[in-house]
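Residue numbers (this note's numbering), protein chains in the order written: chain Z, 1 to 263; chain D, 264 to 512.
Hints listed in this document are in silico derivations from the structure and should not be mistaken for laboratory results. Incorrect hints may appear among the rest.
[Unchecked claim] Among chain Z residues calculated to face chain D with C-beta under 8 Å, some are:
1) 18
2) 19
3) 20
4) 127
5) 128
6) 132
7) 136
8) 137
9) 138
10) 139
11) 241
[Claimed, not checked] On the chain D side, residues computed to face chain Z include the following (Cβ under 8 Å):
12) 305
13) 334
14) 336
15) 338
16) 352
17) 370
18) 373
19) 394
These figures come from a predicted structure and were not determined experimentally. Glycine included, every Cβ here is placed at the ideal spot set by N, Cα and C.
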Amino acid sequence: MNIFDTIERFGRFLIYATERWGRSWIFLARSLVALARPPYRPYLYFTQLSQIGANSSIVIALIAVFTGAVLAVQGEYTLSKFGANAYTGPMVALSLIRELGPVLTALMVIGRAGSAVTAELGIMRITEQIDALRSMAVDPIKYLMAPRLLAGIIAMPLLCGLFNVIGILGGYIVAVGLLGLSAGTFMSQIEAAVDLVDITSGFIKAAVFGLIFGWVSCYKGYTCGFGAQGVNKATTQSVVTASVAVLIVDYFLTSVLTRVFMQ
Amino acid sequence: MISVRNLHKRFGSQVVLNGVNLEIEPGKTTAVVGPSGVGKSVLLKLIMGIMSPDEGEVIIGGYNMTAARSERSKNEIRNALGVLFQSAALFDSLSIYDNIAFSLRERMGLSASKAHTRVLSMADALSLTPYLRNFPEQVSIGIRKRVGMARALISEPKVLLVDEPNTGLDPLDGQEVYDLINACKNQWGFTGLVISHELPEVFQVSDRVAMILNGEIIVEGSPAELSNSSDPAVQQFLNGRTDGPIKIQ
Ligand SMILES: Nc1ncnc2c1ncn2[C@@H]1O[C@H](COP(=O)(O)OP(=O)(O)O)[C@@H](O)[C@H]1O
Ligand SMILES: [Mg+2]
Numbered sequence: 001m002n003i004f005d006t007i008e009r010f011g012r013f014l015i016y017a018t019e020r021w022g023r024s025w026i027f028l029a030r031s032l033v034a035l036a037r038p039p040y041r042p043y044l045y046f047t048q049l050s051q052i053g054a055n056s057s058i059v060i061a062l063i064a065v066f067t068g069a070v071l072a073v074q075g076e077y078t079l080s081k082f083g084a085n086a087y088t089g090p091m092v093a094l095s096l097i098r099e100l101g102p103v104l105t106a107l108m109v110i111g112r113a114g115s116a117v118t119a120e121l122g123i124m125r126i127t128e129q130i131d132a133l134r135s136m137a138v139d140p141i142k143y144l145m146a147p148r149l150l151a152g153i154i155a156m157p158l159l160c161g162l163f164n165v166i167g168i169l170g171g172y173i174v175a176v177g178l179l180g181l182s183a184g185t186f187m188s189q190i191e192a193a194v195d196l197v198d199i200t201s202g203f204i205k206a207a208v209f210g211l212i213f214g215w216v217s218c219y220k221g222y223t224c225g226f227g228a229q230g231v232n233k234a235t236t237q238s239v240v241t242a243s244v245a246v247l248i249v250d251y252f253l254t255s256v257l258t259r260v261f262m263q
Numbered sequence: 264m265i266s267v268r269n270l271h272k273r274f275g276s277q278v279v280l281n282g283v284n285l286e287i288e289p290g291k292t293t294a295v296v297g298p299s300g301v302g303k304s305v306l307l308k309l310i311m312g313i314m315s316p317d318e319g320e321v322i323i324g325g326y327n328m329t330a331a332r333s334e335r336s337k338n339e340i341r342n343a344l345g346v347l348f349q350s351a352a353l354f355d356s357l358s359i360y361d362n363i364a365f366s367l368r369e370r371m372g373l374s375a376s377k378a379h380t381r382v383l384s385m386a387d388a389l390s391l392t393p394y395l396r397n398f399p400e401q402v403s404i405g406i407r408k409r410v411g412m413a414r415a416l417i418s419e420p421k422v423l424l425v426d427e428p429n430t431g432l433d434p435l436d437g438q439e440v441y442d443l444i445n446a447c448k449n450q451w452g453f454t455g456l457v458i459s460h461e462l463p464e465v466f467q468v469s470d471r472v473a474m475i476l477n478g479e480i481i482v483e484g485s486p487a488e489l490s491n492s493s494d495p496a497v498q499q500f501l502n503g504r505t506d507g508p509i510k511i512q
């Protein structure tokens with residue numbers, strides 16, 4: 001293969017990638033603007049909040065209890081090496097509230113609801129339902145995307161709160177019930193160690209992850225290619241892109257938030 | 264009613280429309296026919312303004328769709344249009360009732376009670392009353408097409424656009440769709456544009472026929488004129504032969 005071919009291909013890929021990147025930002029901007037403009041159609045928002053949020057709560061609770069439990073086991077093991085197992089409570093709570101709550105909630109919601117949103121919108125695209133909306137003078141960005149985006153931004157922190165509470169409960173059951181720590185110590189150390197900024201930064205992260213979730217899953221569904229193959233591809237890409245984006249953004253956001261709140 | 268002028272559209276290096284001109288006269292039904300993949304659906308999307316041409320313009324009832332800048336001004340022009348999509352494109356998260364009511368509520372902003380009477384009389388006119396509580400996947404494709412027709416006509420459009428009235432239907436259901444188009448036309452009196460690759464079946468709903476090939480309209484006239492055309496491509500298409508100027512891809 002000719003070297004110029006390779007360069008040309010790479011260049012073409014770059015142009016294509018840049019174009020898609022730009023389009024996805026325009027898409028996000030249009031969705032956010034659409035949120036602000038009437039008509040508001042509140043029922044659409046409640047439906048999405050229920051589908052993305054409420055319907056995810058059981059599975060979130062389930063993984064939260066086991067995450068808290070395993071954190072207690074691991075935390076107690078490590079801390080006892082320093083004779084510090086009295087701090088198992090804060091170890092569990094801070095890990096959950098600052099990091100694992102938002103991230104695991106986001107990954108779970110992306111896996112469960114993100115794939116569903118992309119598949120639903122993708123099917124609407126290939127069966128011309130999105131064209132039908134436009135032909136009837138209804139803006140699909142406003143009618144379909146804006147409610148899902150807002151539902152993601154609202155539901156994610158709520159689910160994250162649920163995750164934290166149930167996760168701490170799971171940690172409590174293991175630490176106090178199985179490992180024999182004192183219940184008073186477990187709770188009072190959490191109270192002493194967790195600050196409001198920990199909780200705030202956890203919720204800010206969750207809201208940003210909610211935005212990433214809504215943005216990626218709607219955009220991938222809206223721009224879905226032809227046929228069942230197109231939906232298949234869009235759904236896979238949506239889950240992978242959103243998950244990777246969450247983990248990358250998490251690092252930077254955590255660094256920034258930690259600095260901001262340290263001052 | 265609709266003027267299509269010198270319309271060009273390409274996707275990457277693939278030229279789909281290469282200077283299409285077409286006049287759709289008010290009160291008549293025009294059929295645009297041609298083999299699969301020549302760009303009939305693309306033409307329809309350009310007319311609806313949900314795709315933009317590379318060149319040329321579409322004028323609907325005196326308003327220029329292609330020159331309309333904002334989605335809002337396009338929506339004004341779209342109010343004149345009703346569309347029956349190829350597989351009906353019903354909203355599958357909504358009941359048949361809500362599908363029919365859709366444009367009254369979401370486009371025209373009518374209250375539920377005002378919309379209600381109109382939905383019921385439309386459902387009655389198209390014999391859909393027994394199905395109103397069902398969801399699209401629970402009824403046959405023939406009924407879905409009728410629902411699609413009801414959804415399109417309830418806003419009383421001046422123009423009805425129909426994409427492939429009978430693809431995916433058996434001959435009986437297909438015939439029913441043609442009868443439906445004719446019956447609705449008598450009752451509502453719209454201007455029609457039907458896109459199809461089904462010859463000569465589509466002639467029964469057409470006053471005028473235009474055949475599209477290689478990005479251009481190659482013949483236009485009454486169904487009889489088209490049938491008697493000496494153009495080899497038209498004859499090949501009408502008789503469904505594999506040899507001739509139309510290349511099978
Ligand atoms: N959005 C699109 N992007 C790229 N190519 C398209 C798009 N829409 C249609 N095409 C191509 O344009 C050609 C005409 O398609 P279409 O109008 O659907 O044909 P038909 O006459 O059967 O309705 C096809 O080759 C199709 O692949
Ligand atoms: Mg087509």
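A quick look at each hint next to the structure:
1. Evaluation of the residue 18 of chain Z hint against chain D yields a violated restraint, the C-beta minimum of about 17 Å exceeding 8 Å.
2. Annotation: interface hint on residue 19 of chain Z violated; nearest CB of chain D at approximately 13 Å, more than 8 Å.
3. Hint on residue 20 of chain Z is violated. Least Cβ distance to chain D is approximately 15 Å, over the 8 Å limit.
4. With its C-beta approaching chain D no nearer than about 6 Å, residue 127 of chain Z sits inside the 8 Å limit, and its interface hint holds.
5. A hinted interface residue such as residue 128 of chain Z counts as satisfied when its beta carbon comes closer than 8 Å to some beta carbon of chain D; here the least separation is about 4 Å, so the hint holds.
6. A cut of 8 Å between beta carbons decides the hint on residue 132 of chain Z: the least distance to chain D is about 4 Å, and the hint holds.
7. Nearest Cβ of chain D to the Cβ of residue 136 of chain Z: about 5 Å, under the 8 Å cut. The hint holds.
8. Interface restraint check: residue 137 of chain Z against chain D, minimum CB-CB distance 4 Å, threshold 8 Å, status holds.
9. This hint holds: residue 138 of chain Z has a C-beta 5 Å from the nearest C-beta of chain D, less than the 8 Å allowed.
10. A cut of 8 Å between beta carbons decides the hint on residue 139 of chain Z: the least distance to chain D is about 6 Å, and the hint holds.
11. Proximity of residue 241 of chain Z to chain D is violated relative to the hint, the smallest CB-CB distance being about 24 Å (cut-off 8 Å).
12. Annotation: residue 305 of chain D was flagged as interfacial toward chain Z, and the flag is violated, the nearest CB pair being 12 Å apart, outside 8 Å.
13. Interface hint status for residue 334 of chain D: upheld, as the beta-carbon distance to the closest one in chain Z is roughly 6 Å, under 8 Å.
14. The beta carbon of residue 336 of chain D is not positioned within 8 Å of any beta carbon in chain Z (closest approach about 11 Å), and the interface hint is therefore violated.
15. Satisfaction of the interface hint for residue 338 of chain D is found here, the shortest Cβ-Cβ separation to chain Z being roughly 4 Å, below the 8 Å cut-off.
16. Interface restraint check for residue 352 of chain D: the shortest CB-CB distance to chain Z comes to about 4 Å, inside 8 Å, so the restraint holds.
17. Against a cut-off of 8 Å between C-beta atoms, the interface hint on residue 370 of chain D holds, since the closest Cβ of chain Z lies about 5 Å away.
18. With 8 Å as the threshold, the beta carbon of residue 373 of chain D stays out of range of chain Z, its nearest partner Cβ sitting at about 12 Å, so the hint is violated.
19. At its closest, the beta carbon of residue 394 of chain D sits 19 Å from a beta carbon of chain Z; the interface hint therefore is violated under the 8 Å criterion.
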